[in-house]
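K.L.:
Protein chains in written order, with our numbering: chain Y, 10 to 534; chain G, 393 to 697.
Note that these hints are calculated values from the structure, not bench results.
One or more of the hints may lead you astray.
Between beta-carbon pairs, the in silico distance windows are [claimed, not checked]:
1) G/Q462 x Y/G300: 47 to 55 Å
2) Y/F33 x G/Q462: 32 to 40 Å
3) Y/V19 x G/K472: 53 to 61 Å
4) G/S534 x Y/S280: 57 to 65 Å
5) Y/K371 x G/L574: 52 to 60 Å
Covered by chain G, per the in silico footprint, the following chain Y stretches (three or more residues, Cβ under 8 Å) [said to hold, decoys possible]:
6) 291 to 298
7) 362 to 374
Cβ coordinates follow ideal geometry from the N, Cα and C atoms, glycine included.
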Amino acid sequence: MLYFSKLKLVTIYFIIVFLSLFSFVNFIENEDNILLSKKVNLGLDLQGGSYLLLEVDSQPAIKQKLQNKLLNLRKALKNEKIKYKNLRLQNETINFQLSENDIQRFDDFFLNKENSINAYYNRYRSYEMDYFTTDLGASFPTKDLVTITYSKFGLIELKNSILDDSLEIVRRRVDEVGTKEPTILRRGNDRILIELPGLDDPNRIKNLLGKTANLTFRLISEEEDDFGSELLFFEDDTTQLRVSKRVVMSGDNLTNARPRFDNLNNETVVSFTLDRVGAKKFGRVTTKNIGKKLAIIMDNKIISAPVIRDAILGGNGQISGNFTFQSATDFALLLRSGALPAPLNIIEERTVGPDLGEDSIKAGAISLVIGFLLVIGYMLFKYKLLGIIADLALIVNLILLLGILTILEATLTLPGIAGIILTVGMAVDANVLIFERIKEEMKTEKSNIHAFDMGYKKAQSAILDANITTLISAIILFFLGSGPVKGFAVTLGIGICTTLFCAYFFARHLSSIYVMKNKDKQIII
Amino acid sequence: MIFKVSKDIKFSYFYKKLNILSSILIIFSILVLLFKGLNLGVDFKGGTLIELRTESSITTIAEIRQSFLQMNLGDVAVKKFGKENDYLVKIEITKSNDENFIKSINDKLSADLGSAVDFRRVENVGPKVSKELLRAGLLAISLSLAAMLFYIWIRFEWQFSLGAVIALIHDVIITVGIFSFLAYEVNLSIVAAVLTIVGYSMNDTVVIFDRIRENLKKYSKMSITEISDLSTNQTLSRTLITSVTTLLALFSIYIFGGAILKGFSFAMILGVIIGTYSSIFIATPVLNYTKVNQKTILKENTENN
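With the rest of the complex left out, here is chain Y:
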């Protein structure tokens, strides 16, 4: 166990030097060099920032889709000359009654791969929609109730597309706010994870993400009928206005929006530009309705309802609505980024202020240094000369650990620092096991070299078993833990690997040099 071939030694020391280089990179301020650009990232708990987990509420979007399906189905059934009754939407299903004789015809139509309302996914070999029939019982002996729902795969496809679209809009909104290096990831099939380093106050982002930003222009209704119109509130107000349900134009037709100061009325407004289709539509509506009020509505709240004074033909307009410059900026940003396909709910939020992060780094560093010194001192006290070997191994161990973290560009969190300190405490274990074993061998063995050799050999299985068990814990924690705790699993796990390397290669080589030089002297451990 004490003999090392030249090649082995070169490899061992090459690995140590190579990883040390990466580890020292962290202390050099140099961003130009590509090779040296890797660094350990600080977690949000150390550098401060916001973590948000959003859940897409796809229910409204699914209902909307079903509503469209229902309209198409009505048309299609008419074309196919299938007689139906009571076609309506009910809790995410489309229901209607059908004569028993028509079921087969409906089935043929519905499962035709070319039909327009029920897409066939070749990928899953499955349809978008499922249907089933229920016997209506004695009261309707010849009729069956048909219920159409999204199939398993149809729902997956729909939710996926809603999530993808939402992700895109969220990305646009967050990017426009201009925080540094935001991370936006999809999680599962209905969640979006956002990490905003350095962001102290997430209110503005939350505000922007909390809005679907569905913009519509609708005329004020003069008649009080609940079918064609509805009562809507003004924003930040209790007054209501009856607006038509017919949408004159929506935010989809907007190509640009900017906050602007209107010198004429001495207020901040948002000016917008429409695309060709939008401009045409807008021109037509404003020409026809001069003197009437046009409500500008965002997410079912009226922003303002100005009177149309002139026809607006150029495709440019402006929205006023008690804006401050900040709120006008955000309103314009929402218009530019487009509407979310579904509302987002924030289901988890963690924000750490930058000064707390700094305090945490300081506390982590202090406890690392103190823990390190205590362990090093204790090993020197227990093992004297061999203690130096164990301590050197510990120092190299830390350098390697940092080097690997750097290469992986891992994220260092506060629990991660705790993992490093814990590694310091547990890393010496491998060398303790070996030294204790050597001590025992010395009692019966006359040759120092032989005693060292046997010590290393016999301690091996215990060291491996002992470290693998801790590694198993770290791996499980890595996969099931979240956020900062994951950082702990990473440093603990890598720490175990570097510990094994240091004890079995680096420290063993040092020990072999030591025992070769002292092979005839008495060694006291």
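Here the structure of chain Y is known, so what remains is to put chain G in place on it, guided by the hints.
P.N.:
For chain G alone, kept in the frame of chain Y given last:
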């Protein structure tokens, strides 16, 4: 020398008595857990956690609690946290969708206290997420116990596996029991600590088991009781030195690592002490009770060949 222990302690002499003590502790822990429950943090219970720093040092906990109670936020818990003017507030309500929720709390609190309040950390966990986190935490702990059971079973024999896992369950239940008894908060980092304790305790047990296996092969005439005493003595100095270095590191985190790591390092300190004890007095006796002998080991060898 601190640990100049004589090498022939009859550990087996204490097995029965300490096993009874451990059983009592476990029963006590379970009772405390059943009747008192755990003080779950927002990670697992949902709600809002605010770490705040006040500007004036004359603020009292009572003032802060009074101010929060007026806001009608459900259950409110206020405690000191770390430095002089730092407090930790837990409230039942989440309202994470209301972007003005946190700001309005800050405004009201600042007004009530008559000075600016700095929110250093805000954590807001909805009920759905907290349930998932709790499930993931429990799953992680059970999974690691199962993995250890399996690993030791592969490397040793079922008697060893049984002993190791009984010791692990002992460690986990008593550690969690102490947390329940002291009403210390259980959050994500405590789960991490428990998992690490499982790894550490296992680590300790494996070293003794490894030596027992070796000695079983070497001495065919010795009884398992003598073998376990011998093996425990042979590995004792290593067991103690490693526990000391690990505890040195942990106490360093506990004392200097800041308030956030206090719970984590406290759980780890408990775990290391209990884990060291259980390797010697829980895991090893199981080998005696299951009457492990040389044949158990040799059978393993012939199977492997």
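K.L.:
Next, verify each hint and record whether it holds.
P.N.:
Hints, one by one, checked against the model:
1. G/Q462 x Y/G300: 47 to 55 Å: Cβ of G/Q462 to Cβ of Y/G300: about 51 Å, so the range 47 to 55 Å holds.
2. Y/F33 x G/Q462: 32 to 40 Å: violated, 55 Å
3. Y/V19 x G/K472: 53 to 61 Å: holds, 57 Å
4. G/S534 x Y/S280: 57 to 65 Å: This hint holds: roughly 60 Å between Cβ atoms.
5. Y/K371 x G/L574: 52 to 60 Å: violated, 28 Å
6. 291 to 298: violated (count 0)
7. 362 to 374: holds (count 7)
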